[in-house]
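Student: Here is what each chain is made of, one letter per residue.
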Amino acid sequence: MLSTKFTPKNKMTKAEIDRKWWEVGDYFRRNSLWLLMYCTGCCAVELPPSMTSAYDMERLGMGPMATPRQADILLVSGYLSLKTLRRLIYTYEQMSEPKYVVALGSCPINGGIYHDSHAVINQLDQYIPVDVYVAGCMPNPESVLNGFVDLMEGIKQKTMNGWKRYHDHFEWYKENQKNSLGEVIVHDEFHQ
Amino acid sequence: MTNSINNLELVKELVSKTTTILKEENIDVQQLAFEVNTCDIHHVLSVLKSAGWKQLSYLSAVDWPDENKFEVVYILFNWDKPVYVQIRTKIDRENPSIDSILPIFPGAKYYEREAHEFFGIAFPGNPDYEKQLILEGWDDIPPLRKDFDPSAYSDRKFPSREYPQDYSVTDEKNHSLEKRAERKARAERLRTGGKKQ
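Same order as they appear, the protein sequences are chains A and B.
Each residue of the first sequence is one higher than the one before, starting from 1 at the first, in the numbering used here.
Each residue of the second sequence is one higher than the one before, starting from 1 at the first, in the numbering used here.
Hints listed in this document are in silico derivations from the structure and should not be mistaken for laboratory results.
Since the structure is predicted, the reported quantities are computational estimates derived from the model, not experimental observations.
For glycine and all other residues, C-beta sits at the position ideal for the given N, C-alpha and C.
Don't take each hint at face value.
Quick list of simulated restraints, FRET-style, between CB atoms [what the hints assert, rightly or not]:
id, chain 1, residue 1, chain 2, residue 2, range
1, A, I185, B, K146, 28 to 34 Å
2, A, E23, B, Y110, 53 to 59 Å
3, A, E189, B, W64, 30 to 36 Å
4, B, A185, A, V184, 37 to 43 Å
Construct the complete structure from the given sequences, taking the supplied hints into account.
Tutor: Right under this line is the structure:
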């Protein structure tokens, strides 16, 4: 009911005000998404046509970002070897919230053509939460952009809450990471 | 001397003078392979290096489980005479070990580490050969041996996705169009949440 001169003003509770601000934030967020492109595999070749004049990702308000601290989307393009997954988890945990993960290609879904490899994981969402999958080997630029539009729609509908799942089921994710990777810490002789 | 036929002759003469050749293979006009005894490897490599084959292009191994042997392959290249020379030697598959060639080719350091990681061959003389290079925290037998089963390893280590329904066509009589219609209907249900649009 709208408040008039004669009725008392509607008092919003703290939770309602927070929700409103989140909606305002989500509006701006979904219209300016910054991608951190973690070009792990061959699906990365679909990104140049998506970004440049042929499909022009920037008309959706999206652009590449160089650092994980300032990016909104972690874009996993293609298969993930164990080595890459360790670095990917580092990167994901460095990103500021809210953060979204978009996985391209069939390899993060079920392993794809690398399903029986000793070095490539089969299912990405066991290790970090994935918000949007774009299937295909490789997905063409139309479906890549369609995935991003789905992501924007999902942010609007508040269904893209993978980063909350990562908080809630942190132990479960860590256990899966540990089972498959041994340890997540990177030991690199060239940087120690 | 740029004619590659002459170069092949030259290499053959050079190697046969140096050591006994167990097997010789003319792979093509620019590639030659020699199998030699394990004890002669260092001698052959140093003779070839001083003759101009100064680049070690690759060092790797081949697993022959039937013969119970590993074949170590050294590929050398000469920038003046366009011939690749492969020097091969067979070593035992049980406790495989071959002396390092670091004094001849210092760049072999990383190739030897790689061969140790993927085949388990020891290279005494190379101080770092046991350090990990590519695989991180490997916990099984070396993965490029033929008796390693990558599929079983993958099933054991990495959980794979389970699907609620199987759409693969296994029965010849069951026409794939039916399956496709079924799959489309399910996709439609998922998309619209069961509501008709």
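Student: All hints, please: hold or fail.
Tutor: To see whether the hints hold, each was checked on the structure:
1. Taking the beta carbon of each, I185 of chain A and K146 of chain B are about 32 Å apart, inside 28 to 34 Å as hinted.
2. Distance hint for E23 of chain A and Y110 of chain B: a CB-CB separation of about 55 Å, consistent with the stated range 53 to 59 Å.
3. Between E189 of chain A and W64 of chain B, the C-beta spacing of about 32 Å keeps the proposed range 30 to 36 Å intact.
4. Taken as a hint, the range 37 to 43 Å holds for the pair A185 of chain B and V184 of chain A, whose Cβ atoms sit roughly 42 Å apart.
Comparing the model with each numbered hint stated earlier shows that all of them hold.
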